[in-house]
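Participant: Using the sequences plus the hints, can you model the full thing?
Residue numbers (the working numbering), protein chains in the order written: chain A, 22 to 604; chain B, 20 to 474.
Derived by calculation from the structure, the hints in this document are not laboratory data.
Check the hints yourself; a few may be wrong.
Now the in silico label distances, taken between C-beta atoms and shown as ranges [what the hints assert, rightly or not]:
hint, chain 1, residue 1, chain 2, residue 2, range
1, B, S226, A, R105, 16 to 24 Å
2, B, G293, A, R105, 33 to 41 Å
3, B, D443, A, K200, 26 to 34 Å
4, A, Y121, B, Y52, 56 to 64 Å
To spell it out: a stretch of chain A is covered by chain B in this simulated footprint if at least three of its residues, at any positions, have a beta carbon under 8 Å from a beta carbon of chain B; those stretches are [stated by the list, open to error]:
hint, region
5, 182–190
6, 449–458
Note that the coordinates shown come from a computational prediction; the quantities given were computed from them, not determined experimentally.
Glycine included, every Cβ here is placed at the ideal spot set by N, Cα and C.
Listed below, chain by chain, are the residues.
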Amino acid sequence: MKDISRIAAEESLAPFDRAFFDPLHRFKYIGSGSLGGKAQGLAFIQRILASAFPHDKFPFVEVSIPSLTVLRTDIFDSFLHRNRLNEVAYSDTSDDFIAYSFQKAELPAEILGDLRSLVEQVRSPLAIRSSSLLEDAVHEPFAGIYTTKMIPNNQPSPDERFRKLSDAIKLVYASTFFKAAKDYAQAAHQDFREEKMAVIIQEVVGQLFNGRYYPQLSGVARSFNFYSMGRSKPEDGVVSLALGLGKTIVDGDRVWTYSPAYPKVAPPFGSAEALLKETQTEFWAVNMGKPPAYDPIRETEYLVKGTLSDAELDETLRHSASTYDPISRKISIGTGTKGPRAITFAPLLDSNETPVNAVTRTLLSLCAHAMGSPVEIEFAMTFNPNRFGFLQVRPMVVSSEQVDVHADEMKEVQALLASEQALGNGLIETIRDIVYVKPSSFDAKFTRRIAAELENFNRTLANEGRPYLLIGFGRWGSSDPWLGIPVQWGQIGGANVMVEAVLPNMNVDLSQGSHFFHNLTSFQVKYFCVPYEGEYPIKWELLEQHQTVHETEFVRQVRLPFPLQVKVDGRSGRGVILMPSHG
Amino acid sequence: MLPWGTFFAIYHKAVLPLTNLKRKTTPMISRTYNPFETAQAQFDRIAGLLDLDKPTRDILRYPMREYHFSIPVRMDDGIVQIFRGFRVQHNSARGPGKGGIRFHPLETIDTVRALAMWMTWKCAVVDIPLGGSKGGVVCDPHNLSTREIEQLCRGWVRQISRDVGPTLDVPAPDVMTNPQDMLWMLDEFEVIHGGKFPGFITGKPLSIGGSHGRKEATGYGVVFTIREALKEINVKPENTTVSVQGFGNVAQYAIDLIQRIGSRVVCVSSWNQGEKKADSYRKSSGIRLDELQAITDAFGGIDKTKARELGYELLPGDAWLEQDVDILVPAALENQITKDNVSALSKRVKIIAEGANGPTTPDADPILNERGIFTIPDFLCNAGGVTCSYFEQVQSNMNYYWEKDEVLGKLDTKMTAAFHAVRDVARRRKLHMRDAAYLISVSRVAQACRDRGWV
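Facilitator: Here it is in structure tokens:
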């Protein structure tokens, strides 16, 4: 972010004065260090919301950032220093051991009274979110790498609430040093020891329904869409919506994705049955009911998954569901009739009863303008009263380099693969290493093992400083091992180009989790989606001609004598990877 | 019933020096300064401000109960010696009594009475449900063996065990008593009553019923009040410098926390046991707590030579008071800021935080007020200790112990709430902090007496 926005961000903050819900100052801080990237982005937008958002245009929707207090990075420094945690933090020990060591440590005495007073006045769920120095920075986004913990904060005793809050803060601190973060830093060529963590304590936007606390809608919107289809243009952006907490979207699970320019146009599911199958069937909520087994080092300790039947019971489908009619085999808007429900958000997007889409578009435009680059925002919403909680903003990186990919090139003999659905923009001519999942031994039931094997390849190549092309089956970073290879970013972060070969029985919808997507764009990784039996199939035989550098049960690495030529045209979404003509 | 005057005349006779204290103890010496009279005078003034009725004044002006007893101890040489012990329970309208046990050769009943009354006010100002008590034994522990001290501790409990306890009156360490003494007392109490009663006494070692955070509590509590005072006068901690009198437990933890919130401590004084005088140590760039602790003995005495080697400037004992700083923290002895030396205070001083008991004499107080110095009165400023003692008692009664961050978090909110309650009264009634604090305390205790139907 520009310096000027950092200054603007600081101006909208107030020191924590032991009043968490303060209508005049929703945004407070404790300590004197940095706010971290995420909090800085929010503080900046807080100002924009106050000064530029046309609240009068949306009189029936309260658009605001949920109340929050930031523990600045000096508190993190004190916590590490006073508890002598540096040794364990920077060691190669397991995440659990690091988390446990952090749990045993003591938070700095000077913030305890503030935390105590916070839980004494707040009895609704809180999100304890990371906001590190490197997180959400423009070029190396550590988005989604660190832990966010939701706590119900509804225990009758303030002592209990205090303990849960401090446990959660310590977990977020510990996650700074988890393996995923260390791997990620290596991939990003960042000095890990420079990383510092601020923590955001924020009210969770939602309402209580039968022991579950969740928003009726959460969303991620991007002002630039690399996957634009049909009439929509990349500049129109893209929005993903889900019922319940935003974790569903961030994890890359099934959600409703649409172009904000054409909110009534459904994604191309092919049939009503396919739509029913491919849309959201479960949602995340904060568990406000029976306490779960004590497990302070698990991020989802207080989260619970609900089904659409649960949502039906909670009467929270009114704004999000359509109904499938098995006789006509059609989907009708709303829940007026009986039948299986599909989360399409049609009641909101088709009727414009509540201007969710208009608010989202306005915010995207405002944020993109204010930040001077395309942006990604996260939000959550409740109805009656209508409240649109703005949760996060981060800049997207869009390359302005112009590359043309012609249809002829895509069909060249030397073309290893080509795609009409390529992500990114630009030309790469530095890659000689190719790591690919062998088509002969691939089976969706082995995807977890494949992920583990890939991690070793990635580490070796990253250590050697070699960029590489990665080819696999299904969606990279999928949380569902049956839909793709469930890697975390750090496990494959050294790849400069990623290819997902889509098998016939896998979903062709490119809907990576928000953080995965953000990593792709920020690291300017080129991403190719190649239907297994499409017009431009992968020419595996071109790879097999080359000498194997290393091979495991499921993965093979080859090294070419000369670099590949990787070209992606971000405007058309076309891309091609050409084998070196010399070789 | 005896009139109060006659009642006290009998008490005074009872505490006359005992003739059989021949060897290792020093008989009590009567002194011209009577702290109880001072405490009563303070109370009278506040009672006037509150317009208290006569019965309320009468019940609060004197202790509700006093116990005077003899403690026989067979000394190491086989001879039995009788020590004089006291327990004064000033008021228990708000809850069981709370107060330390002092082992001091110059102990007087009037000192104990005054301290018991001040405990009532201190517990009330931080709004903990306890009354005020104090106890003592006329003795000099320096001249007693460990076994003799144990016998003295056990003997004290044997004499008073029916009238103290978790629901009646809860002792704690004080001048020249320590956690080990508390354990002996607890053990004796439990033997007598046939059970386990860890809530009988506080200041126990951490391993046997003590509370986390106890050693930090008083010093941290001082800083919590300073932090709030700085907000009141709209000064940021990072723009302030501090001078501290004393380098004992309270001072060291106060320095620890005040540096963490951003202030710079530039001067400390400490008692030099060898030369029987105090010295001040100054470092304009800010003292380093860890390096000073490394050259400090168990009584808080700093090694002069090593301090010089570390770049500290050695100054006379009372120089801490004359430093050009924003905050003064007297955290050692009473009667340190007096009418005679108050003019030596720098014009820069904005806050005096009374970490010690009674560091400012009554005649210096109006001068400080006139100069616009924000004084945080002792019984508010150093109430972190008793607040944590209360937490220890609560934990002991439950036999369930909290983590340190929980204790310190509660301590902070309690102290901060107390500070603001006093500040509010000060603002509304246009009083200085000391009077406002007394006003709150006395009115709370008076109200409890009324609610119980005592007056």
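Participant: Decide, hint by hint, whether the structure agrees.
Facilitator: Hint check results:
1. S226/B x R105/A: 16 to 24 Å: 22 Å, holds
2. G293/B x R105/A: 33 to 41 Å: 35 Å, holds
3. D443/B x K200/A: 26 to 34 Å: For K200/A against D443/B, whose Cβ atoms are near 52 Å apart, the range 26 to 34 Å is violated.
4. Y121/A x Y52/B: 56 to 64 Å: 57 Å, holds
5. 182–190: Three-residue rule met by the region 182–190 of chain A, so holds; n is 3.
6. 449–458: violated (count 0)
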